[in-house]
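If you read the sequences in order, they're chains A and B. In terms of the working numbering, the first sequence opens at residue 2 and continues consecutively. In terms of the working numbering, the second sequence opens at residue 2 and continues consecutively.
Chain copies aren't distinguished; within one or between two, either way the pair holds.
Listed next, the in silico DSS-like pairs over lysine-lysine satisfying Cα-Cα at most 30 Å (straight line):
1) K82 / K255
2) K82 / K248
3) K7 / K39
4) K226 / K214
5) K72 / K7
If you are wondering where the hints come from, they were derived from the structure by calculation, not from laboratory data.
What follows is the residue order along each chain.
2 protein chains.
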Amino acid sequence: MTTTGKQIFTTLEADGTLTVEVGETQFPDPKGNQVLVKMEAAPINPSDLALLLGSADLETADYSPGKLVAKMPEPFASGAKARHGQRLPVGNEGAGTVVAAGEGEAAQALMGQRVACVPGQAYAEYAIADAGMCLPLGDHSAEAGASSFVNPMTALGFVENARMDGQRAIVHAAAASNLGQMLVKICQADGIELVNIVRSQSQVDLLKGIGAKHVVNSSDDDFMKQLRAAIEATGAFYGFDPIGGGKTVDSCFKAMEQVAASKMGDYNRYGSNQQKKMHIYGRLDLGPTILTPSYGFGWTLTGWLLTPFMAQAGQETVGRMRQRVLSELTTTFASSYKRKVTLEEMLTKEAATEYRAMKTGEKYLVTP
Amino acid sequence: MTTTGKQIFTTLEADGTLTVEVGETQFPDPKGNQVLVKMEAAPINPSDLALLLGSADLETADYSPGKLVAKMPEPFASGAKARHGQRLPVGNEGAGTVVAAGEGEAAQALMGQRVACVPGQAYAEYAIADAGMCLPLGDHSAEAGASSFVNPMTALGFVENARMDGQRAIVHAAAASNLGQMLVKICQADGIELVNIVRSQSQVDLLKGIGAKHVVNSSDDDFMKQLRAAIEATGAFYGFDPIGGGKTVDSCFKAMEQVAASKMGDYNRYGSNQQKKMHIYGRLDLGPTILTPSYGFGWTLTGWLLTPFMAQAGQETVGRMRQRVLSELTTTFASSYKRKVTLEEMLTKEAATEYRAMKTGEKYLVTP
Numbered sequence: 002m003t004t005t006g007k008q009i010f011t012t013l014e015a016d017g018t019l020t021v022e023v024g025e026t027q028f029p030d031p032k033g034n035q036v037l038v039k040m041e042a043a044p045i046n047p048s049d050l051a052l053l054l055g056s057a058d059l060e061t062a063d064y065s066p067g068k069l070v071a072k073m074p075e076p077f078a079s080g081a082k083a084r085h086g087q088r089l090p091v092g093n094e095g096a097g098t099v100v101a102a103g104e105g106e107a108a109q110a111l112m113g114q115r116v117a118c119v120p121g122q123a124y125a126e127y128a129i130a131d132a133g134m135c136l137p138l139g140d141h142s143a144e145a146g147a148s149s150f151v152n153p154m155t156a157l158g159f160v161e162n163a164r165m166d167g168q169r170a171i172v173h174a175a176a177a178s179n180l181g182q183m184l185v186k187i188c189q190a191d192g193i194e195l196v197n198i199v200r201s202q203s204q205v206d207l208l209k210g211i212g213a214k215h216v217v218n219s220s221d222d223d224f225m226k227q228l229r230a231a232i233e234a235t236g237a238f239y240g241f242d243p244i245g246g247g248k249t250v251d252s253c254f255k256a257m258e259q260v261a262a263s264k265m266g267d268y269n270r271y272g273s274n275q276q277k278k279m280h281i282y283g284r285l286d287l288g289p290t291i292l293t294p295s296y297g298f299g300w301t302l303t304g305w306l307l308t309p310f311m312a313q314a315g316q317e318t319v320g321r322m323r324q325r326v327l328s329e330l331t332t333t334f335a336s337s338y339k340r341k342v343t344l345e346e347m348l349t350k351e352a353a354t355e356y357r358a359m360k361t362g363e364k365y366l367v368t369p
Numbered sequence: 002m003t004t005t006g007k008q009i010f011t012t013l014e015a016d017g018t019l020t021v022e023v024g025e026t027q028f029p030d031p032k033g034n035q036v037l038v039k040m041e042a043a044p045i046n047p048s049d050l051a052l053l054l055g056s057a058d059l060e061t062a063d064y065s066p067g068k069l070v071a072k073m074p075e076p077f078a079s080g081a082k083a084r085h086g087q088r089l090p091v092g093n094e095g096a097g098t099v100v101a102a103g104e105g106e107a108a109q110a111l112m113g114q115r116v117a118c119v120p121g122q123a124y125a126e127y128a129i130a131d132a133g134m135c136l137p138l139g140d141h142s143a144e145a146g147a148s149s150f151v152n153p154m155t156a157l158g159f160v161e162n163a164r165m166d167g168q169r170a171i172v173h174a175a176a177a178s179n180l181g182q183m184l185v186k187i188c189q190a191d192g193i194e195l196v197n198i199v200r201s202q203s204q205v206d207l208l209k210g211i212g213a214k215h216v217v218n219s220s221d222d223d224f225m226k227q228l229r230a231a232i233e234a235t236g237a238f239y240g241f242d243p244i245g246g247g248k249t250v251d252s253c254f255k256a257m258e259q260v261a262a263s264k265m266g267d268y269n270r271y272g273s274n275q276q277k278k279m280h281i282y283g284r285l286d287l288g289p290t291i292l293t294p295s296y297g298f299g300w301t302l303t304g305w306l307l308t309p310f311m312a313q314a315g316q317e318t319v320g321r322m323r324q325r326v327l328s329e330l331t332t333t334f335a336s337s338y339k340r341k342v343t344l345e346e347m348l349t350k351e352a353a354t355e356y357r358a359m360k361t362g363e364k365y366l367v368t369p
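Kindly generate the complete structure, drawing on both the sequences and the hints.
Put into structure tokens, the structure is as follows:
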């Protein structure tokens with residue numbers, strides 16, 4: 002017996018044609034520790050957009066009910082060679098009700114419950130999910146729990162990772178995001194110093210409004226001076242950047258090195274001995290990352306993703322993080338949405354254009 | 002009592018004026034475990050050039066006997082703010098005879114011996130050096146021992162570091178250098194696979210001539226194909242790059258990811274699970290490092306310097322490395338020089354222009 006329902010699929014052809022459509026599909030019965038979740042709410046995160054729409058030209062796309070066909074420009078079309086011709090489901094996370102469960106104990110225990118889950122195909126009426134990754138939501142609504150994985154676990158992951166690396170201070174770029182606001186609250190509670198980099202005065206005000214101490218505005222003329230002062234005050238030589246392209250990481254390394262060099266006695270042609278580390282965890286800017294030779298050799302730049310971090314952190318740490326998400330779901334980890342859309346409404350020009358812009362405070366929630 | 006002798010100094014003023022000159026100076030008596038070495042030979046390494054000349058305009062410089070005055074262009078002049086106005090000695094390494102020793106046992110034991118040393122001021126008639134970093138050369142000439150530290154220890158350091166990180170294969174860029182040739186021989190002896198990236202057919206021939214198995218030519222149209230094939234054959238997802246600027250690292254990450262992705266069953270929007278790591282250990286190209294978003298998040302790029310590596314590796318490993326350098330000084334670690342120059346000859350237009358070009362096979366040796 003299988004369950005039939007609607008699901009969003011994205012397909013990129015070798016010629017650069019991207020088709021995103023609502024299709025009718027059959028969901029298999031859950032096996033072992035799988036559950037079948039009737040999806041009620043799923044956020045559109047930046048981490049979903051690369052697969053869903055990428056850099057497709059939404060202006061010239063063809064829109065029909067439940068379907069859009071757009072042109073993916075180069076180099077993105079040929080750069081995504083590995084997915085050419087594959088009809089891929091989308092949607093990292095969401096929440097809904099368990100309507101069928103595999104024979105495994107963990108799966109059976111969730112039967113009938115409302116859960117947050119990470120199926121990787123959340124933009125659908127149903128989704129098969131791993132019981133071990135499901136978070137029972139108790140009395141919380143599906144909307145309250147829809148974003149309880151990606152952003153909360155990533156923000157908690159930064160703090161856990163910083164501690165593992167012996168750090169007590171973090172620099173965070175694009176810090177006014179939903180995730181960034183969570184990080185502000187986590188760092189406050191945990192006594193971790195945080196340097197928030199934002200790009201407008203309204204974002205400065207937003208973060209100061211929730212209690213952030215160090216907020217620097219990259220649009221200000223004295224941005225580098227602000228950044229140096231905040232790094233000096235916090236000792237943050239360690240940070241996370243979801244922008245990826247451009248010079249954000251470069252600015253951080255530069256400011257960190259300048260702060261470190263100002264404390265050195267003698268000139269050292271190789272730069273300071275201060276180790277500087279930045280993590281790129283997103284690609285809001287798909288342009289190249291630019292690193293100028295202005296901070297010696299004492300730096301490390303590395304990609305950061307939640308899944309490998311959780312594998313590295315281990316089950317106990319991950320369990321503790323998930324427990325914290327649940328108990329602070331409507332406070333620290335509350336998400337807000339600009340608009341709710343159905344699967345069909347997701348694929349209109351107006352909606353797609355707006356949520357792909359990934360503007361702060363304009364997050365969409367899909368309610369299948 | 003002090004010893005008087007000639008020494009090269011480099012001074013960068015805030016206005017971008019670089020003065021490099023031979024000056025008369027007084028060398029203090031060695032104390033504790035210091036020795037005073039009468040310098041006989043010192044190589045001009047790429048790692049010396051940033052401090053010695055940087056990007057100064059040698060074409061329009063003013064040359065007089067034992068002195069050159071040149072203009073340092075922006076952004077390099079203001080980028081080196083920390084050294085403005087300081088009269089700095091130059092020359093990482095060299096060899097000579099110990100003519101005075103501090104009262105320490107290690108220093109006294111070297112009295113009268115010919116040693117290789119790492120004084121950081123090797124372009125001089127005398128230099129104060131740390132006895133613990135001196136390598137007694139026995140019957141070897143000063144010329145044979147002059148380059149026994151920077152290149153040999155760096156090449157050995159790569160292999161040691163690779164082993165520490167659980168790697169059995171290395172990618173090396175600008176691989177036809179003196180250091181690169183040493184690395185070819187070390188990897189052969191140690192059973193480490195090596196992918197050599199060079200930029201001309203003559204460099205391919207040079208490395209194949211000393212037994213290198215995988216040599217790829219970045220000037221060839223099918224460079225990326227060659228690089229992928231070599232990475233596939235060796236399993237090298239780990240490498241070292243002395244160029245720094247430009248797209249060398251990017252090409253390596255791309256090729257590594259393409260090899261890893263070709264072995265994946267399913268498409269993963271975040272790239273393969275294969276961890277890729279590159280180290281930048283030089284800045285032959287002072288332009289920015291360009292990283293394109295085409296290899297997911299499973300990569301790390303980090304600066305690499307010999308001194309912090311040795312501190313991390315510990316005394317036993319470093320001692321073993323140094324012993325190996327001494328026993329293979331005229332084989333694995335033999336250096337060749339295009340020309341020998343005095344301190345004064347170093348500062349002529351012809352010499353400075355040639356050695357700053359850092360062309361393969363055109364290394365200079367200073368014989369004060």
